[in-house]
Structure formats: C-alpha cells, structure tokens
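Chains as they are written, first to last, in our numbering: chain W, 1 to 858; chain P, 1 to 154.
It is worth saying that the hints were derived from the structure and are not from the lab. Ideal Cβ placement from N, Cα and C applies to all residues, glycine included.
If you want the ones that stay clear, here's a sample from chain W, every Cβ over 12 Å from chain P, calculated:
#, residue
1, Glu21
2, Thr63
3, Glu75
4, Lys124
5, Lys425
6, Thr440
7, Gly447
8, Glu485
9, Pro552
10, Gly745
11, Leu837
The calculated SDA-like cross-link candidates involving lysine to any residue, where the alpha carbons are at most 20 Å apart (straight line), are:
#, chain 1, residue 1, chain 2, residue 2
12, W, Lys403, P, Pro18
13, W, Lys403, P, Ala20
14, P, Lys70, W, Arg170
15, P, Lys144, P, Ile87
16, W, Lys715, W, Arg661
17, W, Lys414, P, Gly51
18, W, Lys414, P, Glu44
19, W, Lys414, P, Arg54
20, P, Lys70, W, Ser174
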Amino acid sequence: MITVTINGKEIKLEKPVTVLEAARSAGIKIPTLCYHEQLEKYGGCRLCLVEVEKMPRLQTACTLMAADGMVVRTETEAIADVRRGVLEFLLINHPLDCPYCDKAGECELQDLVEKYGPTTGRFKEKKRKAPESLEDPVLVRNMERCVVCTRCVRMCEGVQGAAAIGVINRGGHSHVEPFSGGRFECEYCGNCVSACPVGAIMSRLHRHSYRPWQLVSETETICPYCGVGCTLVAQVRDDVIKRVVPRIGTPVNNGLLCSRGRFGYEFVGSKERLTTPLIKKNGVLEQSTWEEAIGFVARRLGELKTRYGGDAIAGIASPRCTNEDNYVFQKFMRVALGTNNIDSTARTGYAGAQAFIENIFGQGATANLIPGLANADAVLIAGGDPTAVNPILGLQIRSCARKGGNILTIGHVKGVRHYNPAELKPNVHTEAALLEGVVTALKEKKGLPGSIQTLESKIKEIHRPLDDAARTCGVTEKDLAAFVEALSTASTPALVIGKEVIQSAGGSYNLLLLSAVAYLVNARIHLLSERANEQGVVDMGCAPDLLPGCRPLSYVEFRRRYEAAWKSPIPEKQGMTIFDMIDAAKAGSLRALYVMGENPVFNLPNAKGVEAALRGLELLVVQDIFMTETARMADVVFPALSWAEREGTFTNMERRLQLLRKAVNREGMEDWRIVVEVAGNMGVRMHFSSAEDIFAEITRVSPLHRDLSYEELEKSGIYPYKGEPLRGVTGDIAVAKPAAGDGGGLFLGIERPLFHSGTLSRRAPGLVKIYETAVARISPATAAARSLKEGDMVRVSSVIGYLELPVAVDFAVRDALVMITNNFEGRGALSLMELVLDPVLRAPVADKTAVTIEKAGR
Amino acid sequence: MFSEAAVREIQEIRAKYPTARAALLPAIYVAQREFGWLTPEAYEAVSDLLGVPRAIARGVGTFYAMYRQKPMGRHVVQLCTNVSCMILGAERLVDFLKSRFGLEPGGTTQDGRFSLVIMECIGACGTAPAMLVNDDFYENLTEKSIEEILGKYR
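Next comes chain P alone, as it looks inside the complex (with noise of 0.2 Å):
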C-alpha cells in the first residue's frame, strides 16, 4: 500500500495528464521509490490508484531499463562505460569496484548498500568517466573521487 503522500504525488501526476495511461511512467516511478522495486504489489497498487489494467501497467514498467525489475541496494551507482568514459578509464573504475567494494555490475553488495548499474552513456562525455549516485551527478572520476564520493553515501 501506498503512504499517504505517495497517494497525492500520483494524484497530482495524474493531473497534469489528459489520460490515466499518460501518467504511467512518473507515477511507477513514485512506486518504485515506495517499494524499493518493482515489486507484484507495487504494480498493482499503480495500477489500483489509476485504474489502469495490472497487466498494462507491467508491460510498461518492464520495458524501460531505467526501472528496477528486481531488489536494489540503497544506493544505485550508474556508471556508463560507453566510448568516452571507456577511452578515459571507466573499465578501470568497473574494476576498482568490484576490488573495494565487492560490487559486481548488475550486482548488490552483500550489505545491501549499493547496486552497480552499467549505463550506456548519461550525457557527460565532455567530462567523462560520469557516473550517477541515485539521482546525484558525479564526473571527471578517478578511483579516489569515488572513493572518497561512495563515502557519503551510508
């Protein structure tokens, strides 16, 4: 079920849309945050809210790389790999992870503290390797930025 404040950020989502089905994509959104995930629960309560057909409401949570199919750490690192963070080291960075801190891609650390998403660039080549913490942005990283930048994050 949803909290109270989710009920009316869905409400007002909805709003701003002249159909139900308009307002899919930001209110999953709000019940991902809610969830954590994805979860059955979590779709059906989307789709209670707006009365839009479960089955709907999966095939287009499903379709979209950018939601979580699956349980997450607290913190969801994205790091793109694409060709100017490669050229500039980013393979190296994917490395560093996994050797301090145990974080494989697509993979959780057995704390529950971060998940490690590779992306397929986020628009920061001219300052590339880039990666996000949850919705924070972060470039020009080096193994000690991210040291350092993964620290603030409990």
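With the rest of the complex left out, here is chain W (with noise of 0.2 Å):
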C-alpha cells in the first residue's frame, strides 16, 4: 500500500500510479494538455507541474510515480505563476480566434487560459502564420491553433497504429502534418480529432453548423455498420445528428471509433430517406397512405396464401434490423403465413460458417471477446483483413502485436503488415493443401487432445508432409515450418476467420481443416461479421431450419416448446434458404417475397438473375429506408425508421447484447411495428407496442436469451448470455472438399473496403468523399502484364457480364485476381459473379470466376 498526500489529502493507493493518477482518483484536478489517459506519457506540456517535498524543482505530475510519503501540493502561487507562464508561451502563435473556432466551449486551451490567465501577452512579435487546411475531404487542420501536445500523433501511431501524421519541422515551426501534406490519405478513424485538446484537427462534418453548448441530447447507442458493435454518442441539435464521437469507457471500443462509425451518420439526415408508402400502380411507384399500403398487402398475401399456400411466399430478415424487428419477422412468416421460408444474407458467409463451428465444438465457440484478442500471444488471420472489415477487432491484433504477439496471416493482410506478420501467400485455390499441411505437422507435434471425437476421426484422415504442402503451394518449407512452430509454441493464441475463406472453393473444407487448426492449438475463434446484426438475425430465428436461441426446426421437442409460447402451429417443413428463394422465384412455385431491410438485388452473387427472378413474382414488399435496386421493382414500398430512430437491441459478434437507444425523431413506424401491422390486417393479433414488448416475449421463448431485460442491457450489454448454449446436438461433420485447381488466369475477388459497407455507405456523403468510386484494384505484375496504369478504362468481363472501370494499381492484390467492391450502384462485383453453393454451408462460392480484364473501347 502506497500513501500519498496530496493538497493536505492522505491518499491510499493500492496499485503504483502517477501523481496525476492518484489525485485525479481523489477527485483532485491538475491541469493538463498533453495528458490524455489511452496514450503513452509525455510530459510535454508542463502544465501538470506540482510541488513535491523534498524535491528540489516542480514535478510533472504525469510522469512521476507517487511513491509511498510523498507530500504534493497541485495549487500554490508558484505553480499559478507558471502555468500562467507556459499558457502566455503557447498563445505567442495562437490566433485567438476562438469566436469562430468550433472547438470553443469544449477548448482545453480555452478552459485553462480563463482559470489561469494570463489576460494579455507580452510578446510583440509576429504571429506564425499558416492557412487552414481544407485539402482533405472529412479533416480540418488548422496549425496557427496547434499546440504540438502531439495527442494525435501519439494516438494515430500508438492506438491506431496508422502512422499517417507526424510532427514536422522544428522548434517554432513544429506542426502536424499527413504525409501529403494535403490529404491525410489515412484509415481516417479519426481519432486523433478526439484526442486533438483544441481546434487544430477537426471534422468538416458539422463544421461551423453549431456550437459545443448548443447540442441539445447525447445519446449513446450502437453503431449500425460492422458486427463488432463499438459503442457510439451522437450529440443533436433540431433533430438532426450533428457530430458522432466515441466515449472512453465503452465494453467493445473504449473510445475509439472507425470512419464508418464516426463519418457515417450523415444517411440519417439524407434527404434520399423514403417518407411515404409507395403502391406500383401502373407499373410505376405511386405515393399511397400507411392504411392503404398495409392493407394492400396484408389482402394479397391473404389471397396468395390461399390460393398456393404458405410455402409459396417466402421473407427476407436484416442483419442490419434489430432483433426485435427480426424477432417479429419470422414469427410472422412462422404465424401468419405457415411458412419456415426465412433467411437473410447471413446465409452469404456468416451463418453457415458459425453453424458449421459450432457443430464442432458447440453453441458460443466464436463468442470470443474482442478486446482479448490483444492478449493473446499469437494471431492467426485467415479470409480477410480484420482491420477493414471489423476495425476495431483489428486494432486489439495490433495491440496484440505491440505487446510483443506473433501475428500469422494465410495471404497478404494490408492492414497488419507493419507488424512483422509472417505471411504465408499461397497460389491462388491451393489455401487447403497448405491448412493440410499445417494440420498434419500440427497433428505430429501436439498430438490428439481427446476431447472431440468427430473432429479428430477426420483429423486423422488428413495427411500431407510439408514439403508436398510447400510445393504444392508455392511457399518455402522454411516459411511454413516456421509458421508452424509459431502456431505450435503459442500458449493463448486466437484465429480470427474472414469471409474469403468461408467463401472459397471447398469453404466448408478450409473452415474444417482451421477448426482442426484451432482445436490442436487451443485457439480462441474469431469470425469476422461485416453487418451490426448479423449474429442477432440468426439467432432470432431468422433461418429455414432455426427457430429463435437457434434451436433447430428439426427437433420436435423445441418446435412444441415454441408452439405452446405462440399459440400457433409452427410447419414441420423446412423452409428455403436465400439462393433457394431466387431459383423458386425463378421457377415460379414462390409467388411473393417480403424483405425487410435488405437488397437482395445487389447483395446477391450474379445481381441480373435475381432481378430477372424478382421480376416473375406475384407480390414484392420491400421496406426500407432509401429507394434501393430491389425496392425500386417493389409493389409495395414501405419506409421504415432508421437506427438513429429508434430503440432495439443488436447482438455482436462477441454475441455481446446490446442496447439502441433514440437519438432523433421522425415520423413513422419501425420495421417490427410494420410487421404488425401487416399481420394486424390479416387477422393475427401480435401484442407488442414497444421494442421491449418484443425483448421481454424473446426472452420467455428463446432458452438462449432468458432471464434478461432492457434494464440489465442499459448500463453496457450483456456479455456472455445467461441463457442456455445449446450443447450436444452434434452430428457428423459433412465436408465437401474442393476440386482441383483451375490453374492460371484472373479471378473476381471482393473488395472489402474500410470505408463502406454494404449500400448504406453510398448515403453517407463522409465516406462517398474519402473512397469515391468502384475501381478495378489489380497488381503491379497484372497490370505489367496488360500494359495498364493507374486510372485506365478498363473492361472487366465475366460469363455474367461486364463491368466498365477504371483501374487502380495496388501491391496488395494478389496476381491472380481483380478486385472489386460491392458497393457503388451498378457496379458492384457481385454483378459480375456466378452463383455457385458450397454444399455444407451453403454459402456462395466467390474466389471461383473467371474474368478477363482489357481496355475499354474508346
């Protein structure tokens, strides 16, 4: 035990902290500039000097540890005088433009210049001039104001790890700068404007549209982008989200945010919003009322129903709804149309990965804490770049890596490669034989543990030396043998798998020979999820053969339980999947569709075929907050309220549950309630007039949701479930290995940009400003090869169709494949892609079409 005194105070430490530390802990206030508790000490500013007995000159409280007998006093004239000193030093440059400055009211500089004075300046010199910077589209860097504490710095490369600003020149003339100068051309997280004490990084976002003191509400609630659910405030003024800024603290993201999560608010607000049903009469979408539209429908699914019966209508969840809304959904699909036909495009990747896992090793095995992660001591990345997809896990990887973790990647991860990650870049559809080979040396060395016996009985069957593996894949023996002592010698290690490898050729091999991978090693799973709710629409039941708490349809014990809490007969048969959907829309047996928030015509492999699909049905309902490419064919167009709108519960990756909450109105009615609506005017009585209605329903139905309440998420989620896991259901473990390889040519790959996600990005003006358009993201070998360079026209042609793009030219890419992302309107690579199933998890196969790549005719 440590005592301290501070100001006269006796202070009892129980852990050695600093001076600053232990009397912040007391409640006592030292001044700081440079001081910000996520980054390393400083002690830059001097503002934090304290006296200490004994000691002969003023002390930085920040770095000095109190140490036990320590007598400190924080406010005494002589400190006044020279704070008062260091304040007038750092104003000889500021421009004392705080009538203008967004920052003021919420200044540090601002704060302790009015405390501690001084009210004028001594200096008659010429102040230093530098115009602001408005080169860059989202930051604002203004260096007459910058006070060189170097938070930003200290945070891009500490926390973040981007490195991308960097304290230039010297002495006076010091500033912060990007590389360019110009642009920051970074990941754009924007952390370094939270961490900024003044208004020299700022975002252009809300620039001069209010001031600190005139927000009216902060509300903190969940970000609606990726699966990793960081934790966000969004502060408003008259209704509209002005600013959106992370809060230190939070269980997922402790006051970081990503730029998705913290320039991407702007959709709420847009004006391209839906506001009023929409009728197709005519063939053309016609403004109608809330009483005619559900009337409409609810009367036409009744006479559809009818006629060809329940299982010739089918719906489509949204791992972007809540699940409540999602909740509501499939009951009302299950209820009142007698159908199991309900899935979402978690079936693309997510769902059948996580079904295929947790088969293994049981119901929870990849709800693994994020922030673990960077405790481990080594890092397996296979499918994908954690870092773009789910950022914020990406950071905790390179944490881990700071902290001294070996971080493994299968292929070439942009985003982790200042690590020293050793990367093992096998050919282009030869990642199995190299797991096989991992397995097998994994295998001699750690020896079978015992536990699980059907995972083992094909463990056994796996067998390739590693040089047959080396060879096959064209990596040395040397890399490999040393990626596998890496893997072999690590005590806590983690696998964090990505969509492209669940969406390879022979997914559900590659998914089976890393489970093998984790199970030898003792590894913690990780799956990478690229929407806020994608875990909470398959466990709400959202799925042809799961029933909420993910309780299989198939199992008649469940379907009674379920039965008896609806007070409905739920059908024994299982439903379709998505791609199911398609071809029975295709073939004609399936007469509607309802889609709730998702676009199935750009998020689908091969986009013209399902348009062409869509097209035959008798009935679309489409609801949705903007005017999509599937609601655009619609016959019935709802709107629904955006996240922003309302309240609900999303459940992350970690499947941590966690709370919405309201940040503005608007007119209007969620998702849930419009589904109520519907099944209302059909005549099925759903009784739930707020989201924690349904909540409470979720938690008598679903075992895995029990016992918990809104008031128990309200403080920071609930993680783990208290519920039951489901456990020991398991069967055999189907695998469907893949063919040979194809050998040369150029292949499709997805382009998973950090910047956007899905179609919800493209209204979201910040983001559309920093990654402006689809590009055909080639290698320089590739490129080389067809005599391209950056920002050519190019043709990408596939056996779908043919995309016209420019190119861009990128040394992550490997040389077999042009990549292209799935979010500009018409030109998404998905477009371009066949649809081939996996046929274990029945996801899309996306590393396998071929295209060509020419210049485009002028």
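Work from the hints to combine the two standalone chains into their complex.
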C-alpha cells in the first residue's frame, strides 16, 4: 500500500500510479494538455507541474510515480505563476480566433487560459501564419491553433497503429502534418479528432453548424455498420445528428471509432430517405398512405396464401435490423403465413460458417471477447483483412503485435503489414493444401487432445507432409515450418476467420481444417462479421432451419415448446434459404417475397439473375429507408425508421447484447411495427407496443436469451448470455472438398474497403468523399502484363456480364485476382459473380468466377 | 526508386542498429544523396525499405537543418558566420560570393552549380573563417582562396 498526501489529503493507492492519476482518483484536478489517459506519457506541456516536498524543482505530475510518504501540492502561487507563463508561451502563435473556432466551448486551452490567465501577452512579434488546410474531404487542419501536444500523433501511431501523421520541422515551426502535407490518405478513424485538445484537427462534417453548448442531447447507442458493435454517442441539435463521438470506458471500443462509425452517420438525415409508403400502379411506384399500403399487402398475402399455400411466400430478414424487428418478422412468417421460408444475407457466409464451427465445438464457440485478442500471444488471420472488415477488432490485433504477440497470416493482410507478420501466400485455390500441411505438422507436434471424437476422426484422415504442402502452394518449406512452429508454441492463440475463406471453393473443407488448427493449438475463434446484427438475425431464428435461440426446427420437442408459447402451429417442413428463394422465384413456385431491410438484387451474386427471378413474382414487398435496387422493383415499399430513430437491441459478433437508443425523432414506423400492422390486418394479433415488449417475449421464448431485460442492458450490454447454450446436438461433420485448381487466369475478388459497408454507406457523404468510386484493383504484375496503368478505363468481364471501371494498381492485391467492391450502384462485384453454392455451408463460392480484363473501347 | 547499391548500403546501415528507426538518420542521408534532396519520393523509398511509416520518416528528416528540404546545386557550400569567423571577415566572404558567383545565402546559382548555406560554427574557430564544400573542409579562407577552391568544383 502506497500512501501519498496531496493538498493535505491522504490518498491510499492499491497499485503504483502516477501523481496525476493518484490526484484524479481522489477528485483533485490537475490541469493537463498533453496527457491523455489512452496514450503513452509524454510530459511535454508542463501544465501539470506540482510541488513535491524534498524535491528541488516543480515536477510533472503525469510522469512522476507516486511514492510512499510523498507530500504534494497542486495549487500554490508559484505553480499558478508557472502555469500562467506556460500558457503565455502557448499563446504566442495562437490566433485567438475562438469566436469562430468550432472547438470553443469544449477547448482545453480556452478553459485553462480562462482559469490561469494571462489576460494579455507580452510578445510583440508577429504570429506564425499557416492557412487552414481544407485539402482533405473530412478532416480540417488548422496549425495556427496547434499547441504541439502530440496527442494526435501518439493516438495515430500508438493506438490506431496507422502512423499517418507526424510532427514536422523544429521548435516554433513544428506542426502536425500527414505525409502528403494535404490530404490525410489515412484510415480516417478520426481518433486524432478525439485526441486534439484544441481546434487544430477537426471534422469537416459539422463545420460551423453548431456550438458545443447548443447540442440539445447526447444519446449513447450502438454503431449501425459492422459486427463489432461499438458504442457511439450521437450528439443532436434540431433533431439532426451533428456529430458522433466515442466514449472512454465502453466495453468494445473504449474511446475509439473507425471511419464508418465516426463519419458514416449522415445517411440518417439524407434527403433521399423514403418518406411515404409507395404502391406500384400501372408499373409506377406512387405515393400512398399507410392504411392503404398495409391493407393492400395484408390482402394480397392472404390471397396468395389461400391460393398457393404459405410455402409459396418467403421472407428475407435483415442483419441491419434489430433483434426485435427480426424476431417479429420470423414470427410473422411462421405464424401468419405458416412457412419456414425465412432467411437473410447472413446465409452468404456468417450463418453457415458459425453453424459449421458450432456443430464441432458447441454453441458459443465463436463468442469470444474482442478486447481479449490484445492479450493473445499469437493471432492467425485467414480470409480477409480484419482492420478493414471489423476495424476495432483489427486494432486489438495490432495491440497484440505491439505487446510482442506473433501475427500469422494466410495471404497478404494489408492492415497488419507494419507488424512483422509471418505471411504465407499460397497460390490461388491452394489454401486447402497449405492448411492440410499445417494440420498434419501440428498433429505430429501436439498430438490429439482426445476431447472431440467427430473432429479427431476427420483430423486422422488428413495427411500432407510439409514439403509436399509447400511445393503445392508455392511457399518455401522454411517459412511453412516456422509458421507451424509459431502456432504450436503459442499458449494463448486466437484464430480470426474472414469471409474470403468461407466463400472460397471448398469453404467447408477449409473451415474444417481451420477448426482442426484451432482444436490442436487450443485457439479461440473469432468470426468476422460485416453487419451490425448479423449474429442477431441468426439468433432470432431468421433461418429456414432454426427457431429463436438457434434451436433446430427439426427437433420436435423444441418446436412444441415454441408452438405453446406462440399458441400457433409451426410448420414442420424446413424452409428455403435465400438462394432457394431466388431459384423458386425463377421456377415460378415462389409467388411472393417480403423483404425487410435488405437489398438482394445488389447483395447476392449474379444480380441480373436475381432481378430476373424477382420480376416473376406476383407480389414483392420491401421495407427500407432508401430506394434500393430491390425497392425499385417492388409492388409495395414501406419507409422504415432508421437505426438512430428507434430502440431495440443488436447482438454483436461476441454475442454481446447491446441496447440501441433513440437519438432523433422522425415520423414513421419501426420495421417490426409495420410487420405487426400487416399481421393485424391479416387477422393475426401480435400484442407488442414497444421494442421492450418484444424483447420480453424473446427472453421468455428463446432459451439463449432467458431472464434478460432492457434494464440490465442499460449499463453496458450483456456478455456472455445468461441463457442456455445448445450443447450436445452434434452430428457428423459434413465437408465438401474443393475440386482441383483451375490453373492460370484471373479471378474476381470482392474488395471489402474500410470506408464502406453494403449499400448504406453510399448515402453517407463523408464516406463517399473518402472513397469515391468503384475501381478494378489489380496487382502491379497484372497491370504490367496487360500494359495497364493507374486510372486506365478497363472492361472486366465474366460469363455473367461486364463492368467498366478505372484501374487502381495496388501492391496488396494477389496476381490472380481483380478486386472490385460491392458498394457502388451499378458497379458491384456481385453483379459479375456466378452463383455457385458450397453444398455444406450453402454459402456462395466467391473465388471461382473467371474474369478477363482489357482496355475499355474508346 | 533506389539504385541497387543504395539499397545494399541502407541494408548494411540497418544491420548496425537495433531498430529500424535508429537507422533513419544515416538512411535519409543516403536518400538525399540519391535523390539530390529530400523529395517525397526519397522519404517513400526510405520508409518502404526500412519499414518505418512515411510520416515518421518525414518528421525526422524535417527536424534537422543539415538535410536538404529543397533542391540544391551540384555543390553545396556551407560557410560559417559565427563569432570567430565573423571577426575574421566571414561577412565579407558572403558579400564576395554574392558579387562574384551570384550566390545568395540559402540560394542557388542560376546554372545550378552552387548552393550556399550559412552555418553556425563548424568547429574551426582556431582557423577561421572556414567552410565546407560538400564533404570537403577548408579553412583560413580569403576571397582569393575561395575563388580558387570553388574553381575546382564544376
């Protein structure tokens, strides 16, 4: 126990901390500028100077460790003098432009000067001038206001790991700049904005549109973009979200955000939002009323159900909608329409992969804490760049590397390239052979643990010596052996699985091999998730074979229990997957499709084929916040409320349940309420008046969510679930091995950029300004072989169609791939992709579409 | 892009230091020699080769006065005008360089032959005035000797 006396107050400390931390723990304020609790100590601003008895000079409280018996004074006349002097120096070059600085009111320098003076400066010299830099689309840099505390630089390098900005020049000329001197060209996390104590780096999104004291409310809610589920604070004025900031202490992101979370909120206030229900009349969508549209949908669904039976109708739920929306929607499909035809785009990878892994290890196998990754001693990354797909999870991997953990990657992972990763870059379509080699070697090194027999019997069948694996994949045996060694000696390894491996040819076999690796080295598994509620949509039973809580429909005793709770029979027959629905629509056996918050015409492979299939439907109903490609084809479009306008819960990839809170008001209905109204018009009463009501039913019905309440979620969400995970329902492990490789040629790859997410980010001007348009991303070798250079217009063609795009040459792209995003209207990668499904995962195979690339005709 | 020899040189430099960042100063010198001055490409080349982020490399390079932050002539004259040199006539030499060669402090001759940098003490107070031309050291300078010395640099 350490005892220090600060300003006459005795403070007892459990563990060694600095004098500053000790003072703060006792509620004593010491002024600081360069100190930031998430950053390394710096001791640069000299504002935290304090008197310590028996020490000759004033000491910086932020760097001085509190020692037993220390007597400290933080506010004396001498200290105040020094602080006044320091501030006078800081103001030498400061423009004193508080009246139009956006930071005024929450500026740490302003507050300090107000408290300690000086009221006038004695320096007569001219101030250093630097024009405000507006070269960047989302960040504005004003170096006249900069006090060179380096918080932004330390944040960028030490926490974000991007090191995109640095202090340049020396002495009075020092200031902060990105490498280019103009555009930041960085990861645009904006964490430098959070770190800046003054108005030197700020967001342009809300420039000059409010003063901090004019914000009328702050709402803590969950980010709508990816599956990490960061807590963000939406600051609102006039029912418009003016700014989104993080908060230190939140469970997943702890004071950090990524580009999407911080700069992607403007879609909420977009003028393109749908405002009234639309009904197609004579081929044109016309404005209608809620009453008419709901009545029309209810009547048509009733007619079609009577004529063709419930199984001629299907529903697509949404990984962007809340658990409450999805629960109500699947209940509507099962109870009101009498069909299990309900699925979501989680089917394109996440759902199948998770089911596969849980079938081996049990439910909850992928529900691992994201911050825990930082404490792993090795992280194996397979199938994508976590720093782009799930950026905040990516930061934990970087943090792991900084603490000395090994980063192992299969393929080049751009976001960790500065962290000395052990990279294995197998030839295209040879990942399975590589993993077979790894599993064989690990099996010999570690032996079989003997706990999961189904998996061990599969592992016993795997045999590929390292030299053979290395030869087949085009990697060196030395690298491969070192890779295996690093894995086998790790004591707390983690495995991060991305969609590229799930959607590879032989995805189920690759997942089996990765599961085997995880089993042999006892690694925790993290499954990357691109949508905020991808886990939730599955957990709510929006799947043709699962009931809420992921209980299999095929188990009659489960079904009986749900039937009793819902007071309605549940059809026994398994429903259609999202891909079955498209096939059935094409074949004519599906007559109606109800889409809630999804855009299958853009987000499923072979867009034209999906579009043609949907054209044959007798009824297409779409609920969305924007006029999407799918909504344009609909017979009825319902405008829904967006994420910021309602309550509900999201389940993140850790299976943490978190509460969404209403930040802004808007007229209209939540997705669930529209569904409840339609059901009511069909004579099926669902007695819900709020999201909380629905959640209460979920916790009664789903064993996984048992005994939870909004009240408990209020604090920081719930992890882990208190409910009962499903164990012991493991069957045989079915896998489908990939066919032999196709040799040379180019294949289509899906680029998953840090700055976009599905089709939502298109409506966020901040993100569009950062990443403006679709490109065909190719390797320098591919470009050289075809005499293509950056910016050339090319035609990328597959058997399905073609796209004309500008070329971007990128060293991080594999030679065999042409990478295209699936975010921009009319230019989505999936529009070129053939639909081939993995027979086990029932997810599309995304790496087998052969493409050609040539200069576009002029 | 670096020449192969420069790449080897930087790799040898790197091997002498425990961390990549420690090798930045000598590596930036090599880049300055290769590119003539510290162009954005020079920083990029150093950064890629050492695996140090670009913004950091530039931050280090811009801190030190002896790195060239702008294009310079083929030969760089670094003349001291600090106390000893000043007392012994360095300021006359500055005027001479201006009138004879058209060389202003901080400037470059029209033909790109010389650049002049005014230095603060190069440790030759006993033999002042003194200057450096590129890496060569000259002392006890007079107007006559400067003319002769610079005549050797084409």
